[in-house]
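Could you build all of it, start to finish, from the sequences and the hints given here?
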Amino acid sequence: MQKDLNWREFLITRLIKFSGYSAIIFVSMIFFFLLKEGLPALSEVPLGDLFSTRWYPIESYYGILPLISGSILVTVGAGIIAVPFGIGVAIYLAEIAPRWLRNMLKPLVELLGGLPSVVLGFLGILILSPTLRVTLDLPTGLTALSGALLLGGIAIPTVVSISEDALDAVPKSYRDAALALGATRWQTIWRVTLPAARSGVLTAVMLGVGRSIGETMTVMMVTGNAPILAKGLGDLFSPVRTMTATIAAEMGEVANASTHYHVLFFIGLVLFLISLAVNMTASAIVFRQKKRAERVLS
Amino acid sequence: MKRILVLTFSLVFLVSCSSGEAGATDSAPQTYIENKGSDTIVNLALAWAEEYQLENADIRLSVTGGGSGTGIAALVNGTVDIANASRQIKQKEIDLANEQGIEPMEHIIAGDAIAVIVNPTNPVRELTLQQISDIYSGVYTNWLEVGGDDRPIVRLSRETNSGTHVYFLETVVRLGDKESKTLFSTNTLLLPSSEGIISEVRQNPNAIGYDGLGYVPEDLHMIAIAPEVGDEYVLPSVDSVNNGTYAIARDLYMYTNGEPTGEVAIYLEWILSAEAQEIVKELGFVPIN
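Chains as they are written, first to last, in the working numbering: chain A, 1 to 298; chain B, 1 to 289.
Just so you know, the hints here were simulated from the structure itself, not pulled from any lab data. In this text, a Cβ means the ideal position worked out from N, Cα and C, and glycines have one as well. Relax, there's no trap hidden among the hints.
Computed, partial: chain B to chain A, Cβ under 8 Å: (1) Pro152; (2) Thr186; (3) Thr188; (4) Leu191; (5) Pro192; (6) Asn206; (7) Ala207.
Put into structure tokens, the structure is as follows:
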């Protein structure tokens, strides 16, 4: 009996350990695959052409700058919408709303996160983009703005759900102490609760941003996919082509191991590195804060 | 998108193959017809093959794409029975075939026309080919310049991987000039589906788009096109495509070695039948009669 238990324990520990390592294995395998398929692009296309502003692959124009700027523009736009709104909803749910309302609203918000992005894309094409075109008097509603609004909508549930959890986990004693010192409710939220939950909120923001930058279907449907180099937030009102939409639209037809194929993988590599940078920045900040918080507490 | 379609068709086709084989285990005599060529035609050829095999369990049709040139080369090498081509065979290819003792014979199987569409509220109804080219290459940016209202032009196109995109680029934007390096204007919206183009044209009075004639719904306006200034403006229709007066249209071909015989002849005859030409219409091409 005892032996049996040991054996089982051994197996389970190993399995769990393997699951832990598998994440690392998969990520590094994907990374090496992207390197293998994407790096030949650097030797096949001169760097000056690769980082130029014209993307028209069937005539060998492989300038990826419009695609990078398009992805960044749409993601920043989505962040501007999702971060304040998402954190606002989270604060309302965790700090202000009565318990019964919170218990009803939070599952609803999370349900919103489960909406398939194709469905949102359809709503975007049929409702959002015509409305934007008419109300803002734009030539077309298929713009970066439509993409940013929809991606904001996609990111909000992620931001709300995780930051609400973080706010909820702040010990009640913090709030009691602040109120006892004469702080108003707003001061308590803004100066005490939110800073205490900062690392969780930051994680929420980063996951939201990650969702936006990787989202493909919705942006492909509503941003018009015109590879115009975006130079600033003003270009939100013009069409853009994102990296993800480019890969999705073109990968299906591209000849294996052609220059175009390698360039598409190179774009994937750039996307991967951007996500990696976002995540590392986030974890670096969270890590630093934790150390400071521990110092304060000890 | 096209690839996905092709995949679905091949899957259906494979499934129909295997179920057919299960039924015919007592080694019924089977005839194989190899069919290869144009990527423009591959979906149509697959749809035909699928339908034809449902009716004739003893026929096996194998359909592959690869491009018109690939198909004709395979015919010249004698590896296929039927070559699909979205262009006429070149004299050079005929010479090459003759050297191998092969006499390519042409069969027109369907028409392919592209309609240029605008929103019904747009007063522009007629354009020359040159004007459409200038609109898409970015020379004109306002409808005023081609006789319309004072509105910006929003250009819509299919994605670059679509055969229609390439055909439109060569025939319209570059006016058929092989040396031309004219490109679509960068702010041309590249939409992943016909449906995307149609819904945008339907709700946006600034938009101009193009699509296979068979896909254009009745509530959108098609532009009548004149090949040159001074020519008659012609609306796309089955008639104007078949009599050659509509400018953005081409015939689609199948080539066989000499006069087709046996099952191949029967298959080609079936392709011209009303039933098979109905499939042509469903896939957005133009039936030939």
